[in-house]
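2 protein chains.
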Amino acid sequence: MLYDLVVKNRTYRRFDESVHISEQQLLEWVNLVRYSASGANLQSLKYIISIEKEKNEKIFSTLGWAAYLKDWYGPVEGERPSAYIVQLLDTTIATNFFCDDGIAMQSILLAAVEAGFGGCIFRTINRQLLIEQLQIPEEYQVVNVIALGKPIEKVVIDEIKDGDVKYWRDNKGVHHVPKRSLDEIILKI
Amino acid sequence: MLYDLVVKNRTYRRFDESVHISEQQLLEWVNLVRYSASGANLQSLKYIISIEKEKNEKIFSTLGWAAYLKDWYGPVEGERPSAYIVQLLDTTIATNFFCDDGIAMQSILLAAVEAGFGGCIFRTINRQLLIEQLQIPEEYQVVNVIALGKPIEKVVIDEIKDGDVKYWRDNKGVHHVPKRSLDEIILKI
Numbered sequence: 002m003l004y005d006l007v008v009k010n011r012t013y014r015r016f017d018e019s020v021h022i023s024e025q026q027l028l029e030w031v032n033l034v035r036y037s038a039s040g041a042n043l044q045s046l047k048y049i050i051s052i053e054k055e056k057n058e059k060i061f062s063t064l065g066w067a068a069y070l071k072d073w074y075g076p077v078e079g080e081r082p083s084a085y086i087v088q089l090l091d092t093t094i095a096t097n098f099f100c101d102d103g104i105a106m107q108s109i110l111l112a113a114v115e116a117g118f119g120g121c122i123f124r125t126i127n128r129q130l131l132i133e134q135l136q137i138p139e140e141y142q143v144v145n146v147i148a149l150g151k152p153i154e155k156v157v158i159d160e161i162k163d164g165d166v167k168y169w170r171d172n173k174g175v176h177h178v179p180k181r182s183l184d185e186i187i188l189k190i
Numbered sequence: 002m003l004y005d006l007v008v009k010n011r012t013y014r015r016f017d018e019s020v021h022i023s024e025q026q027l028l029e030w031v032n033l034v035r036y037s038a039s040g041a042n043l044q045s046l047k048y049i050i051s052i053e054k055e056k057n058e059k060i061f062s063t064l065g066w067a068a069y070l071k072d073w074y075g076p077v078e079g080e081r082p083s084a085y086i087v088q089l090l091d092t093t094i095a096t097n098f099f100c101d102d103g104i105a106m107q108s109i110l111l112a113a114v115e116a117g118f119g120g121c122i123f124r125t126i127n128r129q130l131l132i133e134q135l136q137i138p139e140e141y142q143v144v145n146v147i148a149l150g151k152p153i154e155k156v157v158i159d160e161i162k163d164g165d166v167k168y169w170r171d172n173k174g175v176h177h178v179p180k181r182s183l184d185e186i187i188l189k190i
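So the protein lines, in turn, are chains G and L.
The numbers in the working numbering rise by one with no breaks, and the one at position 74 of the first sequence is 75.
The numbers in the working numbering rise by one with no breaks, and the one at position 149 of the second sequence is 150.
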């Protein structure tokens, strides 16, 4: 059921880097984007995939990890993502992508989870550095990056307390994410 | 499999309005948003649900239907959506929602499709009219509307030709949506 997949699709930031993701697998996940809704059907988003160590390292160096975990600067070697998908706006098609980016990423991440993997969406990206590192042509704008791998961390959902949305990691390394109740997100009017 | 669900999740604009969607069902779908990724975990989006005829009519009157179908102004009575979900930004939480809107809507729509329904995302909304019609408090901004129902139209995906992204309806009422190939959306660098 979709419910189980959505619940299992947590934001994972530590992976077993020794577990490879194939190019074929990544392409299958990105293929789902073609079947996902696109504002005015423009389909202005395009994708770079990465599974090679050197390319992965270049992308890794541009990402801002877990803003709320002040003493943690991202996964150590061996726990880094095995693959990345860079989402780009093709400005030769349009200057806008409406809400296509989130729709596409949810399709990709749910597919990754179904296949036993997991990932993390990044918007905190050193975009200029990423453009330089991957030599992305100037007609493309970096929108988001998805890091993917075999998760090795436990992520649990807690009830929100006093409106504090900050996620945190306990002394056993379990990652806690406070979520608003259904009651709180439904406006009764 | 997720693939089947994503492929089945087309943008539907004509429904069997006599098929009811329960409040409980809508709440289950919106509940998936709580388990979907949120930028900085802010969870700044909130939702109004509608299943009542009068409220549905108010929402319907604010929506812009299928911009590319020039001679069609939206579904006739009897073929209109049975339910709506209005997605709002709660500006008392944040002024931003990153890409949460698309992520959330994809979760909702996939759940609706799994349950035998389908829908359509609207960004072309007379927002001021919707705010007035539903008396939405001023701290909320209208982000998107999802219309939901039991689809009665056939939607097929075609290969794109000459870069023309416009969807169209053939003389049998089948809705055609041209999609870019996987090859076209992958940047090989």
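Any given hint might turn out to be false.
As the list claims (entries may be wrong) - Mimicking EDC-like on lysine to aspartate or glutamate, the simulated pairs with C-alpha atoms at most 16 Å apart in a straight line are:
{"no.": "1", "chain 1": "G", "residue 1": "K180", "chain 2": "G", "residue 2": "E160"}
{"no.": "2", "chain 1": "L", "residue 1": "K47", "chain 2": "G", "residue 2": "E24"}
{"no.": "3", "chain 1": "L", "residue 1": "K189", "chain 2": "G", "residue 2": "E140"}
{"no.": "4", "chain 1": "L", "residue 1": "K189", "chain 2": "G", "residue 2": "E160"}
{"no.": "5", "chain 1": "G", "residue 1": "K189", "chain 2": "L", "residue 2": "E115"}
{"no.": "6", "chain 1": "L", "residue 1": "K189", "chain 2": "G", "residue 2": "D171"}
{"no.": "7", "chain 1": "G", "residue 1": "K189", "chain 2": "L", "residue 2": "E53"}
It is worth saying that the hints were derived from the structure and are not from the lab.
Nothing here was measured: the structure is a model prediction, and the numbers come from that model.
*For this structure, which hints from the list above don't hold up?*
2, 4, 5 and 6
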